[in-house]
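Trainee: Listed here are the chains, written in short residue letters.
2 protein chains.
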Amino acid sequence: MQIAVVLYDRVTALDAIGPYEILSRLPGASLSFVAVEAGPVRTDTGRLSLVADASLDEVPAPDLVLVPGSPAAPTGEGPIRQWLRAVDAGTTWTTSVCTGSLVLAAAGLLTGRRATTHWLAHDRLASFGALPVAERVVVDGRYATGAGVSAGIDLALDLAARIAGRDVAQSLQLAIEYDPDPPFDAGSPRTAPPSIVDNLRRNRHLMLDA
Amino acid sequence: MQIAVVLYDRVTALDAIGPYEILSRLPGASLSFVAVEAGPVRTDTGRLSLVADASLDEVPAPDLVLVPGSPAAPTGEGPIRQWLRAVDAGTTWTTSVCTGSLVLAAAGLLTGRRATTHWLAHDRLASFGALPVAERVVVDGRYATGAGVSAGIDLALDLAARIAGRDVAQSLQLAIEYDPDPPFDAGSPRTAPPSIVDNLRRNRHLMLDA
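These protein sequence lines map, in sequence, to chains E and W.
Quick note on my numbering: the first sequence kicks off at 1 and runs consecutively.
Quick note on my numbering: the second sequence kicks off at 1001 and runs consecutively.
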């Protein structure tokens, strides 16, 4: 199974690396980071580069494509949109994490489909024709989307079970010791203190341009 | 606050990227990825490079140092050990994720201290003079260690609260929508099916050389 994780300028690293850590270890999988051009790609914090080993053109037929999110997710016309439309015709799974679903939706791939995204971006997802669902992982046909940033880990475990079976998925969960125990119950707007939610809404530009 | 995340050949990416996504966003923090030499560093899967922007020599006095783990964590003599011993004298926090604690312990920095590591590596941690504790995050003085791979996220949120306060930590948790919901309860040897635990023990070389 050929897996392609799409990188682009200002990508959010954890959106990509959470799923990568699981999907790259699936039996028989070959995972590549791809970008418009091969080479280093700067992340949204400006403090890290991830290297795309291949250009989009070099990976024309992935079985699974994953688009991570960013404050500057590339929702306009351009080579990423063109490539996504072309490869989506042949994928087994077309997937995203966080605002990566905006990229898929803007390319017309989620029209009328149930999908999720970062909790701050549900309205934008709807504006591109998808049907936003406030769940951590949403699967509609061969389209699987994860909520904000860290949800990519849960998304990838779900996909791992569908692709390789429950035993493989559980083994990978144990390998990365994913037994989460956050010190606060503040990871969702439903559970975080209202003042914290309001403050992040006011500063949504930190997570989402425009 | 100067934060240094140490990279080295065959590092496990999520060990580093989970904490980075949180710690790099702390108010007033300046986070750098560092390695023996600046430049790309290949991860353990062979499918990704992360770029270290600085050499160890260029970051001689970090306030917080974080050592991620790897199947090939550098526990021998060498420049990383020398650098860790030197900078530890001035850190506010010396920290690790997964088998990164073996590197700290082998450098003599965890002798007699409570610490944690990947669940498969507790015996090795003890062999280096630390006191292994089966908890997800262990803080002993200014030494904070996380369990396997994904535990770096919980570690970083704990550190964020100690460094910048509960509100900042909760805000960062909400920003990365860390409201975990794994599809299985298999992330710990205490909860995973025994056959899965046994199988991973037999294949521990996948997670841990030697």
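Just so you know, these hints were derived from the structure itself, not from any lab.
Please read these numbers as outputs of a predicted model, since none were measured by experiment.
Treat the hints with care, since some could be wrong.
Claimed, not checked - Incomplete in silico selection of chain W near chain E, CB under 7 Å:
(1) E1037
(2) Q1170
(3) A1186
Claimed, not checked - Only part of the chain E face toward chain W is listed, based on derived beta-carbon distances under 7 Å:
(4) Q2
(5) L14
(6) I17
(7) L26
(8) G28
(9) G148
(10) D154
(11) E177
(12) P182
For every residue, glycine included, the Cβ atom is placed at its ideal position computed from N, Cα and C.
Trainee: Are the hints correct? Go through all of them and say.
Mentor: Hint check:
{"no.": "1", "hint": "E1037", "verdict": "15 Å, violated"}
{"no.": "2", "hint": "Q1170", "verdict": "4 Å, holds"}
{"no.": "3", "hint": "A1186", "verdict": "4 Å, holds"}
{"no.": "4", "hint": "Q2", "verdict": "12 Å, violated"}
{"no.": "5", "hint": "L14", "verdict": "4 Å, holds"}
{"no.": "6", "hint": "I17", "verdict": "4 Å, holds"}
{"no.": "7", "hint": "L26", "verdict": "11 Å, violated"}
{"no.": "8", "hint": "G28", "verdict": "14 Å, violated"}
{"no.": "9", "hint": "G148", "verdict": "3 Å, holds"}
{"no.": "10", "hint": "D154", "verdict": "5 Å, holds"}
{"no.": "11", "hint": "E177", "verdict": "3 Å, holds"}
{"no.": "12", "hint": "P182", "verdict": "6 Å, holds"}
The structure does not agree with the numbered hints 1, 4, 7 and 8 stated previously, though it agrees with the rest.
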